[in-house]
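Enquirer: As given, the protein sequences belong to chains A and B, one line each in that order. Position one of the first sequence corresponds to residue 1 (my numbering), numbered consecutively onward. Position one of the second sequence corresponds to residue 1001 (my numbering), numbered consecutively onward.
Don't read these hints as lab results, they were simulated from the structure. Model, not experiment: these values are computed from the prediction. Keep in mind that the hints are not guaranteed to be accurate.
[Said to hold, decoys possible] Straight-line alpha carbon distances no greater than 20 Å define the calculated SDA-like cross-link-like pairs of lysine to any residue that follow:
#1 A:K37 / B:V1089
#2 A:K37 / A:P21
#3 A:K33 / B:L1376
[What the hints assert, rightly or not] Facing chain A, according to a computed beta carbon distance under 8 Å, are these residues of chain B, among others:
#4 V1102
#5 V1103
#6 A1108
#7 Q1111
#8 A1296
#9 L1298
Idealized CB from N, CA, C, for every residue including glycine.
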Amino acid sequence: MKYMLMMNTPGGGPYQIARWPQQDIQAHIAFMKDLAKALQASGELVAAEGLAGPDQAKRVRAGSDGKPITDGVFPEAKEFLAGYWIVDVDRPERAYEIAARASAAPGPGGKPLNLAIEVREVMSAPPRDLLE
Amino acid sequence: MSAPESRAEGSAQGSAQGSAQGSIEGLLRELAPQVLGAVTRRSGDFAAAEDAVQQALIAAAERWPSDGVPEDPRAWLVRVASRRVIDHVRAEAARRRREELVVSLVPAEDQLALAAGEDDGSDDSLVLLFLCCHPVLSPASAIALTLRAVGGLTTAEIARGFLVPEATMAQRISRAKQSIKASGVPFELPAAAHWGERLVAVLHVLYLMFNEGYTSSGPALMRVDLSEEALRLVRMLHRLVPDDGEVMGLLALMRLTDARREARTGPAGELIPLDEQDRGRWDRAAIDEGVALVTAALSRGSVGAYQLQAAIAAVHDEAPSAEATDWPQILALYGLLLQRSDNPMVALNQAIATAMVRGPAAGLDRLDALARDARLAEHHRLDAVRGHLLERAGDREAAQRHYRRAAERTTSVPERDYLRMKAARLDGER
C-alpha cells in the first residue's frame, strides 16, 4: 500500500528556520537525510520532494478565456506544504511510524518539533467495473 | 527567485543606500572569491559554483544600486549563488543521488545555502588562487580563470583585457574549468610538500597577468585593468601569506614598475623609455611602498627571483636622474638573477647593464653571445637593444637597420611606432 506523508511548515513565516542557529539547521537537515537513506535502504521510498518556499508559490485558476490567472504570495496563510514522501509499506501502521519519525525531526536546540504530518493513502487503479 | 532575498534582507541600511556604484563594484569584487569559496565548499562542484557565483554577482550589480546593499552582502551572494547551484543540481538530478536534497523544513532552494557545509566565514581566496593557478592549466587559461573566479571580473571584461571576442574567452574559461574538474584537484590548500612549487605557479600566473596588462600586445600600450588586477591579487596574496619573501618581492616589483606608469607614455600614447621619462611624474608613494617591501623581503635571507627584479626596479626608481642610476649595482643584481634562472630576457637586460657600466662595445659582445640562443634569435627586443647599443657606439647606419628590423617584428603598436621613430630620427641626423 502506498501512502503520501505530507509535511507542513509551521506558522511564523517561511523564513523562521533561517533564524535558527546554524548548527540546528544542519542537525535538522542531517536528520532528514538519514531518514531518506533509511527509507531507501528498506526499499520503502517511492518518491520524495522538498518544495520551494511558499513565498514563491502562485495560486492559479483558469480565467473565462482559459488562460491562467495567478495570484500570491500568501503571507497570511498559517502553514504550507514543505515537502512530501510517498512510501510503499505493508500496513498503515508502518506509514504512521515513518510519519512519527519525521515528525520528531529536531528543531532549535535539538528539541523534537513534533510537526503534524498528514498521512493519506495513495489510491491504486480504480476497480475494473468503474472503468467499463 | 528574487522574492525571498529582497524580503528577508532587501531592506537596505540607510548608510549603504548612498553608496556609489563604484563602491558596490569594489565590494562585489572583494567578496567574489569568498563567496565562490563558500559555495564550492558546500556544493563540492567548483565548475557549477563558479557559474553560479558569476550569476549572483551580476544579479547584485543590477539590483543593489537601486534596492540598496543587503545587511549581510556576503550571505546574500552565497544564498543566491547556492540557489543557482541547486538549479544546476536539479537539472542533473538523474546523475545525482536522491538524498542530496531532502524533504525538510528548509525550503528546497535554501538547503545548500542554509545547511550543508561548515561556513565559518573563513576566506577561501587562497585556496581558489591555488586552484585557478594550478599547473594543469596553461598560463593563458590560468590567467583568465583567475581573473574570473578570484578577481570577480566578467567574461566580457576579461575578453576586453585580452582583446579577444567574448565567445573566445568564454570558451577558454569553460575549458579551464573542465581541465580542473578532470584533473580531480581537490578544493583545499596544497600539502606542505607541494606548497613551494604551487606557490611558484601562482606567482608566475600573477606576474604574467601584470605583464600582459603592462606591455600589452595590442594597440594601447597599457591595459590598466589587467595590471591593476594583478596588483590587487598579489596584495591579497600578501595579506594571506604575509611571511613569504617572494610574494613580497612580486608585490614590490609590481608597485615599483607601476609607479612609472604615468611617465611611461606621452600625450599621444607613445612609449617613453626609462632614461627619457619625467621622473617627477613617478608615483612616490608607490615607490616608497615598493622599496620598503623589497628591503623587508631581502632582509629575510632567502633571496628569490622576484625580490631581485624588485631590487633592480628599486635602484631605477630611486635614481634622481637617468645619469645618476647606480648601474654597477644593477649589473650585479642581474648577475645574481641569471644564476637563478636561465631566462634570455634577463640575459638581454644584463647586456644593457653591461653596456652602461663598461661601454657599448662590451654590451654588444654580450649580445653576440646571446644571439646564438634560439629563444632570442628572432625576438624583436634583441634587435631593439642592438640598435640602441649601436647608436650609443656611434654606428648610426647599423643602429637604424636594427631598429627597423625590431619594428617589423614587434606586435605592440606603440612599441613599433617608437622603434620607427628611433630609426627615422637617425635618418634625419645622418
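Enquirer: Check the hint pairing A:K37 with B:V1089 against an upper bound of 20 Å on the C-alpha distance.
Expert: holds, 19 Å
Enquirer: Would the hint on B:V1103 be counted as holding, given a Cβ-Cβ threshold of 8 Å to chain A?
Expert: Since the shortest Cβ distance to chain A is 3 Å, the answer is holds.
Enquirer: Return the status of the interface hint for B:A1296: holds when the least beta-carbon distance to chain A is below 8 Å, violated otherwise.
Expert: Hint on B:A1296: violated, closest Cβ of chain A at ~40 Å, above 8 Å.
Enquirer: Verify the proposed pairing of A:K37 with A:P21, using a straight-line Cα cut of 20 Å.
Expert: violated, 25 Å
Enquirer: Do the alpha carbons of A:K33 and B:L1376 lie within 20 Å of each other, as the hint requires?
Expert: violated, 62 Å
Enquirer: Interface hint check: B:L1298, Cβ to nearest Cβ on chain A, cutoff 8 Å. Holds or violated?
Expert: Violated - the Cβ of B:L1298 stays beyond 8 Å from chain A, reaching only about 45 Å at its closest.
Enquirer: Can B:V1102 be said to touch chain A, with a Cβ gap under 8 Å?
Expert: With Cβ-Cβ at 4 Å, under 8 Å, it holds.
Enquirer: Is the shortest C-beta separation between B:A1108 and chain A less than 8 Å?
Expert: This hint holds: B:A1108 lies near chain A, its Cβ roughly 4 Å from the closest one there, short of 8 Å.
Enquirer: Using the nearest Cβ pair, does B:Q1111 come within less than 8 Å of chain A?
Expert: Result: holds, 6 Å to nearest chain A Cβ.
In the structure shown, a violation is registered for the earlier hints numbered 2, 3, 8 and 9, in ascending order.
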